[in-house]
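> Single-letter residue listing:
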Amino acid sequence: MLLIPLKRSLIIMVIFAAICGVIYPLAALGLAQGTFSYQANGSISRYGSALIGQKFTGSSWFHGRPDPYNPSSTGGSNLGPNSKVLYQKTKALIAFYESRGITPTQSLVVNSGSGLDPDISVSAAYAQAASVARARQLSTSKVDQLVKSETIGRQFGFLGSPYVNVLALNVALSKIK
Amino acid sequence: MSTAWTIVVLVVALGISWRFIGSYMEAVYERRVNWLRFIERPIYRVCGIDDQVEQGWRRYATSLVVFSGVALGFTYLILRLQGHLGLNPLHQPAVTPALAFNTSVSFVTNTNWQNYSGETTMSFFSQMIALASQMFISASVGIAVAVGLVRGLKRQHSKTIGNFWVDLTRGILYILLPIAFVASIIFVAQGAVDTLSGSIFIHNPLDGFKQLILLGPVASMEAIKELGTNGGGFFNANGAHPFENPTGLTNILSIYLILLIPVGLTYTFGKMVGSIKQGLALLAAMAIFFFSFMAIGLSAEQHTTAAVAKAGITHSASGNMVGKEARFGASSSVLYNVTSTQTSTGSVNSSMDSYTPIGGLTAMGGMMLGEVTPGGVGSGLYTILLFAIVTVFVGGLMVGRTPEYLGKKIQAREVKLAAIGVLIMPITVLVASGIAVSISQGRVGVLNPGPHGFSEILYAFTSQGNNNGSAFAGLSSNTAFYNISGAIVMLIGRFGVILPALALGGALAEKGVVAPSLGTFRTDTILFCGLLVGVILIIGGLTFFPALSLGPLAEQLSHGRLF
Chain A
1 MLLIPLKRSL IIMVIFAAIC GVIYPLAALG LAQGTFSYQA NGSISRYGSA LIGQKFTGSS
61 WFHGRPDPYN PSSTGGSNLG PNSKVLYQKT KALIAFYESR GITPTQSLVV NSGSGLDPDI
121 SVSAAYAQAA SVARARQLST SKVDQLVKSE TIGRQFGFLG SPYVNVLALN VALSKIK
Chain B
1 MSTAWTIVVL VVALGISWRF IGSYMEAVYE RRVNWLRFIE RPIYRVCGID DQVEQGWRRY
61 ATSLVVFSGV ALGFTYLILR LQGHLGLNPL HQPAVTPALA FNTSVSFVTN TNWQNYSGET
121 TMSFFSQMIA LASQMFISAS VGIAVAVGLV RGLKRQHSKT IGNFWVDLTR GILYILLPIA
181 FVASIIFVAQ GAVDTLSGSI FIHNPLDGFK QLILLGPVAS MEAIKELGTN GGGFFNANGA
241 HPFENPTGLT NILSIYLILL IPVGLTYTFG KMVGSIKQGL ALLAAMAIFF FSFMAIGLSA
301 EQHTTAAVAK AGITHSASGN MVGKEARFGA SSSVLYNVTS TQTSTGSVNS SMDSYTPIGG
361 LTAMGGMMLG EVTPGGVGSG LYTILLFAIV TVFVGGLMVG RTPEYLGKKI QAREVKLAAI
421 GVLIMPITVL VASGIAVSIS QGRVGVLNPG PHGFSEILYA FTSQGNNNGS AFAGLSSNTA
481 FYNISGAIVM LIGRFGVILP ALALGGALAE KGVVAPSLGT FRTDTILFCG LLVGVILIIG
541 GLTFFPALSL GPLAEQLSHG RLF
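These protein sequence lines map, in sequence, to chains A and B. Mapped onto my numbering, the consecutive letters of the first sequence carry residue numbers 1 to 177. Mapped onto my numbering, the consecutive letters of the second sequence carry residue numbers 1 to 563.
Just so you know, not all the hints are guaranteed correct.
As the list claims (entries may be wrong) - Here are the simulated DSS-like pairs of lysine-lysine, each with C-alpha atoms no more than 27 Å apart in a straight line:
1. 210(B) to 175(A)
2. 177(A) to 210(B)
3. 175(A) to 55(A)
4. 84(A) to 310(B)
Bear in mind the hints are in silico, worked out from the structure with no lab data behind them.
Pulled out of the complex, with its shape left as it was, chain B reads as follows (with noise of 0.2 Å):
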């Protein structure tokens, strides 16, 4: 009963602010919002930006990956020098090469996969100047290929689809910074920490319990990580970490955070076009696959797992608690972590590696189905454009008509766009989990033996192609293979879908638009949002279906085996 009002409170709260964040976004991005000018003008005139001066696709997308290589080599530097450069309470000793190289790309990428533990590995320089800095610049930077895409379905006959720099400097400055600044306050007031001093020494009076517990600057990097759909925690534990996420409170304002911006995109997108029920026909399709996810994680997580069972726990009122804390139960559990892996954020408040096979499924099945329910910010917004091209175009064979989305004609240069931004993905995590099992330097890193340590290579793939950057976290993946196979992913994952959603949106930009016939297939009704989700679904279902059955399936069905 507490877990539907919660769901209801959280649907209420995102449906009040959709409106709300959408079209301020809206107003960001169409600059009709200036009250943080002071700053911004100063910033262009130091870089030399003219703000006034558009870009075509190709200088946009040069921009961006450009300043993405400066963002990596910079974060890169700081971890490897992080001896040398203060706010080191605990002594860090500079990161290895390999890992290094790993967690500045996955930052830069938005994906927050992290082969260390936060708390053993990185300064408080590191954790705030290479690492939660990247969180606001990588999501600002999703959000402005979104918002980029969105303009080339928009103009007519342009050349240009916005300014990188100006996007990229708007969305920090007015989106990410204020909200991230008043949720950090209320993280603290529930319990986050929030101090530069590094430890603090206890001695328990009642028993002589000694414990050195870890302090930080957290609450901050808390704030932006849950907003930017980042994910990656100061301490290993990530959301399970009582310094973290203390209460159910925060655990709800986590998991508000992590979907509101994506789910306010598809708002702006509507406002942006014109028409905000073509948005809502795209929400409506993220909102299918995260209610079913949702649902399909909270029964499955009701019960206790097989090896609990056996040794004579068969029946708990408690769901199945292993990996999970006593203060948010099963259920609070669930919530958060399916949140965080539709959303390409993968910040967890449980060991995703303990769920029952199907609840550890469905944080899967998110990812795989190319992180569009809702997704990450920005990128679950461009995305599921690129799934919208191929629907008009599967919609317009059965009808053997040219498709149009949104009033433009889609040929042959845009389905190979969109399709290219679809398949790129699935081909990168088969091919590298394909790999990573059949070499030993892949499945040496296996913690749990059998289908479940299938399970947790093809989730590491998977989580990094995604972006994601959730993990089954047995797998002992800070080896020179994983961290660069997964590196690689990383930036295929991340660049491989960004360049194409570009192109498309340059491409869009300078068609016209043809006015609607009787025979022009809508896109702002039920019928075109279920023919979406059969696309996804189909696209997403059937690439994985085969390794899923080798990992969680076929756990599911071992009738309580053991391994």
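Extracted from the complex, chain A is given alone in its bound form (with noise of 0.2 Å):
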């Protein structure tokens, strides 16, 4: 009585294996290689991918999220709301930027949720302009500007949150002489 559905089982999980495990995932590539072939190997610059975010040190460029930037190993901290740690780690946070003259907004001291956001709110990017003006000898207002215009508002208006692509706002900070 076991034997009928058994030998259907082998044959057909083969042959759906084929065909949603081979067949459709390589049309798809194709597809996608063909058409989108930029956004489907990665977003690849040469400064990095515009959608993984790097981990900027130094006073002269805008810093991203607190996020330990390793593609191998992705994520959030998963810290608890109540959690100690997460205190303890905010408050050092805040503390160092603070020493630079800075006063952080929220995305600039959390972790974020994949552990590669490339992007931090625009207040954010503001909280930074100041600071990374001292340090280049720009004026503050030039700055400001570099951030208006690198600020990427909500897709069509009302999607998601606005925000600034780190790599992009500092690869523009390189090109102001």
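With the hints as a guide, bring both chains together as one complex.
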């Protein structure tokens, strides 16, 4: 009684593994490579990937989230809402930014969900503008202007949250003479 | 304001597709749609399936269980042998036996609980052929069970409820594959990667920063991950990873894909039983819960957490941003995570563990109600139909009359089957959580001490018992104890509901329809919908309230005390 379904199961499993596990992903991949090869290969430029955040240090660059930025180990800190460790880490980061004359907003001092967040909130970018301008001997208004031009609004005006891509902002910053 | 627009757009899009996908699915399972017959026919021929012959519920269930066993073995073998199978650019070694067992159970039961990080554990061969193909298969199995049960409600004096092999095949070919294919291209266009090369090394000339960026065949998996309410991410970060969910558009597309089939199946149900209003009554009950949880979650996450507030950020316009991506912000994160936990999907675009206590509670709450709000593909419908049977029974008790559902007399056997299907999940979850907190192997994996640690364990078993798969990911659950116990809970949570649901379908199919009389309790009314909501709330809510008060409620009421 079980022999017939067993035999059918084995054959149909192999068929669906071939259809859903080989033909479907390869067809999608082929079309993706043919139509959107820049995106399909990771949105890579000579500076890195537009979508994967990098760790910028030093006062002459805009900083991103306090993430590890290690693509081989992704995910958030998983610290709970009432976690002492989260309190201590956040407090230390606030103190670090304040020592540089920056009043940080939340996205600068708490981890993201991916550990690779390429973006910060718009207010987190403005918060750093004066400090970056000082380090590069630029006028604050010029750097503010740069943040404004690099701000990405909500998609179609309502999706997600406005943000600034830190890599794009720093690339633009490096081009100011 | 933008959140309101997002919800409006979602509701309108789902409202439009509800009818179309719903009637399309009805036509697929009633075999009036045949445009892929040229692929379908050879499959039946090779497998020796006579697609004109139907099965009684026992043979239907036997086929399903045997097939799931084979699928489990197939997945397990690939994970164990992945070192020798190729498509392994990062040279991942074989998955350990306990983890391979947990993972194969997890994908075969449509749970997608992940005790591993995809990027450092799985070869591309495993991701595509073992895991992504199970995303199609387990989703189609779920819909098949729902359709089998609905056929039982619809048919009279029938010994059969359909043919499992035909339902399985048609679900994959006609519904899941075409939609997933189109969606995968949208994901790629927005930035999701799709390639067979394993990684790319970058060296930023600006500051000398070096990074090894991992790639893979992500977009195709992403599409079915959402559409099949599976939720297993290619990367550990899941929907938070910019290569899985790069933009606000992919975020709302993910939410839409997750809800598309579970919501549409209520129309399919209505059409099959000859009254759309019957489906609408179920959908209304689902929607009441869905939007209540969504509203609570959205408002909870508008505040920073106790720990961050104490550190100095007491007020933030952006809400709780711990574990959330800047491109989504708090609201779009909640929309995604709440949708995913109300549907047995379990993918997340933000860290569930770092939500406010009440935000985390909304995710857990949706699961604790049995994943019917609207639940996973197929599983949401068959589970809420079990609740509907319990509801008419309760209604019948109130007026002292034999209950009926859609003209079928609900007698002792049907009520027993529905009760088993409804109660098996809470019993399993509570017993397993109780064992885990009582023994050191269970407590050792906890990341956050205090009530939050209890929540991590409770969440783990609630998620697996409901085949959801999301996690309070601080729990280190890749241990022998959690791998094995989790696998058992997932199997009971899946087949402990599927078997009673199919048996119920078989029992109902044999019955004739009695003509409605003046005393019949109508099941397409607001009154029924309200009673159904009450039954779901009382069964799920009262069962889990004591456990919840030890976890998220204790944490919320601790007045900012840190642990």
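> CA of residue 175(A) to CA of residue 55(A), is that 27 Å or under?
Holds - the C-alpha atoms of residue 55(A) and residue 175(A) are around 19 Å apart, at most 27 Å.
> Verify the proposed pairing of residue 210(B) with residue 175(A), using a straight-line Cα cut of 27 Å.
Holds: residue 210(B) and residue 175(A) sit about 21 Å apart, inside 27 Å.
> Next pair to validate is residue 84(A) with residue 310(B); report whether the Cα-Cα distance is within 27 Å.
holds, 10 Å
> Would the hint linking residue 177(A) and residue 210(B) be met if the CA-CA limit is 27 Å?
Holds, at about 25 Å.
Hint violations for this structure: none, all hints satisfied.
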